[in-house]
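**Q** Next come the chains, spelled out residue by residue.
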Amino acid sequence: MRVDWHSIALRLTLFHALFFGLVTGAGGVVLYHLIGVYVIGEIDQDVLRQQKEIVRILQSKEPARVQGEIEADTRNGGKEDYFVRVTDRAGHLLMGSDLSGWPDAQSLDALARDLVPGQRQFTTLPLADARGQARVLTAMAPPDRVLQVGISMGDSVAFLRHFRHYGLIILASMLTLGTVAGWGLARKAMAGVEAVTEAAGHIAGGHYAERVAAAGHGREIDQLVSTFNAMADQVQTVMQEMRQVNDHIAHDLRSPLARIRGLAEAAALDETLGEEAVELAGGVVEECDHLIGIINTMLDIAETEAGVQRLQLETVDLGRIAAQAVELFAGVADDKGIELVYRAASPRTLRADRRRLQRALANLVDNAIKYTPAGGKVDVSVESDEASTRIAVQDTGAGIPAEARPHLFERFYRGDQSRQLPGNGLGLSLALAVARAHGGDILVESQPRAGSRFILVLPLDQGPA
Amino acid sequence: MRILVVEDDEKIASFIVKGLTQAGYGVDWAADGETALGRLRAGDYRGAVVDIMLPHRDGLSLVEAARRAGISTPIIFLSAKREVDDRIRGLQAGGDDYLVKPFAFSELLARIQALLRRASGAAEPVRLSAGDLEMDLVRRRVSCGGREIVLQPRELALLEYLLRHKGSVVSKVMLMEHVWDYSFDPETSVVETTVSRLRAKLAAGCRSNGELIRTVRGIGYVLDR
Chain A
303 MRVDWHSIAL
313 RLTLFHALFF
323 GLVTGAGGVV
333 LYHLIGVYVI
343 GEIDQDVLRQ
353 QKEIVRILQS
363 KEPARVQGEI
373 EADTRNGGKE
383 DYFVRVTDRA
393 GHLLMGSDLS
403 GWPDAQSLDA
413 LARDLVPGQR
423 QFTTLPLADA
433 RGQARVLTAM
443 APPDRVLQVG
453 ISMGDSVAFL
463 RHFRHYGLII
473 LASMLTLGTV
483 AGWGLARKAM
493 AGVEAVTEAA
503 GHIAGGHYAE
513 RVAAAGHGRE
523 IDQLVSTFNA
533 MADQVQTVMQ
543 EMRQVNDHIA
553 HDLRSPLARI
563 RGLAEAAALD
573 ETLGEEAVEL
583 AGGVVEECDH
593 LIGIINTMLD
603 IAETEAGVQR
613 LQLETVDLGR
623 IAAQAVELFA
633 GVADDKGIEL
643 VYRAASPRTL
653 RADRRRLQRA
663 LANLVDNAIK
673 YTPAGGKVDV
683 SVESDEASTR
693 IAVQDTGAGI
703 PAEARPHLFE
713 RFYRGDQSRQ
723 LPGNGLGLSL
733 ALAVARAHGG
743 DILVESQPRA
753 GSRFILVLPL
763 DQGPA
Chain B
13 MRILVVEDDE
23 KIASFIVKGL
33 TQAGYGVDWA
43 ADGETALGRL
53 RAGDYRGAVV
63 DIMLPHRDGL
73 SLVEAARRAG
83 ISTPIIFLSA
93 KREVDDRIRG
103 LQAGGDDYLV
113 KPFAFSELLA
123 RIQALLRRAS
133 GAAEPVRLSA
143 GDLEMDLVRR
153 RVSCGGREIV
163 LQPRELALLE
173 YLLRHKGSVV
183 SKVMLMEHVW
193 DYSFDPETSV
203 VETTVSRLRA
213 KLAAGCRSNG
223 ELIRTVRGIG
233 YVLDR
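So the protein lines, in turn, are chains A and B.
Under the numbering used here, the first residue of the first sequence carries the number 303, and numbering increases by one thereafter.
Under the numbering used here, the first residue of the second sequence carries the number 13, and numbering increases by one thereafter.
No lab work stands behind these hints, which were simulated from the structure alone.
Glycine included, every Cβ here is placed at the ideal spot set by N, Cα and C.
No incorrect hints appear here.
Not the full set, but computed from the structure, chain A residues with beta-carbon under 7 Å of chain B:
1) Ser-557
2) Ala-560
3) Gly-564
4) Leu-565
5) Ala-568
6) Val-587
7) Leu-630
8) Gly-633
9) Val-634
10) Asp-637
11) Gln-660
12) Arg-661
13) Asp-668
With a straight-line cut-off of 20 Å between C-alpha atoms, the simulated EDC-like cross-links for lysine to aspartate or glutamate are:
14) B:Lys-213 / A:Asp-636
15) B:Lys-93 / B:Glu-22
16) B:Lys-30 / A:Glu-581
17) A:Lys-672 / B:Glu-199
18) B:Lys-23 / A:Glu-589
19) B:Lys-184 / A:Glu-588
Could you put together the complete structure from these sequences and hints?
**A** Right under this line is the structure:
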């Protein structure tokens, strides 16, 4: 799947996830830091308590007994819990507990040497076997010695490690949740916009009555929807008025055309006029018929578009209509060296306007033959299922250029390749109007140089046949 | 035994009158409904061509009045309206046929001839002919000087229609309607193609006849007597 980085929904989602992640991450880091400080503070309190205890021992006992006292004390409390070291100012060990497993002596000596007199210093040092860390308090002890007390930070480190671990899990959850929630929100916000886009697409395709359902998208989107619908109303009105004007013009042209054609026909049939005049009059009649054909087709389209109530419904055998259309053009196709084939997989009967369907289908076959070169093939087939029946007209012509496709069904549209061919550019408009009046549609599949396929789709659920 | 043309548009009336006269009918013209009703009552007409939109009395009420007066003359309506409802109203008013403007005169003529034939109760022929060409309508066979010419069903129907209207020009639209049962003329000329195939077969099977089917430019085809 190609990712469209310009999608607002995607951007909103990413922004949302990023925001969630950052806030959670920052919160976690601050909390971790605070907890770390608090935990170290607690440990420092422990070390300090221990140190005061040792100082009390040092002050009250004979120096010679202190060593034994310390060893007993550290052993009582458990060797792993804390250690004690007493050195002189130069770092020489005077007495202390067993240091195995605790930080190495050199580091401790260095701390003792560097101690500023009168101050105390908390330091975190790694244990000798790197199993963990120790918190070491270095301070002066009377009379002029340096006392170092250290305790293991094992439990606290484990606690912080757990905290980190769960923190990361929570962060990951928040990112996932942020993405999902963001996607949901973005989809919801964009749903209204998508509805408008879809409606606009339909309107651009000629369904001028299409509107967007007005409510429930949120205020901003609802405003967009109502403004869009108002615009669509205007477009529809303009289109209707334009068509009405066209239809009136078409209607009003019929009477003068009737006169011209009649007079010309009378002249064309009057052999006393001489060959040249008869020929001329015949030409006038031909042009009149061309114009009358255009006008009548325009009126037919208008009438068909007016809806199903204008149709003359009867029970129609689609297989027969398709077979008739093929038979109609059999001679033309033969003359042009085109193979015209009819296959009926599952023809059906339905309630339809036979004359209009005949004409719609004849227009499709007519077109297919026009655009297929000699040696090509035009294939007409009928297929049905429960819901609909489809008459497909497949040719092996040049195909329809992509730029022509959106205009195919427009009135009077003629593509580059059709200009040299007979026709008035109304055939497909009429066919589409007929399909839509029956609740159906015409689908177009086309590949350059591989031919085109026009599919007349008619729904079968139009009431009892 | 004349034909009455009731039409207020002078130009249209003029070519109908001229055409019918050329076809050998005696023709009277009335420009409004009242005059026309008087003529129909007074004279004995074989048929009438009546425009629906007329001054003083429209075509529908004219025909209704004529039918009430017991006048059974076959009547063809002319109308600028093409809706099916108008056609039905015209036939309900007592008209026998209905033609929408703009129309081909040749079609009007063919329809008048058909109406007159029906009204006269002429027996349906079983055999049609033109020169050496003969068509047996019962066995659906065509022969020329006794030699059979094999035709496709559609070519046969086309030839039959031309033979039935022998001497009159028939338009492509009429042929589409009666030979193919289509009510329009496709952009690709189906009629031309079939006519030229029929011509080729007739020319091959019926050498003596020369060009039997003549094209009249702009109007259609005619099978000469």
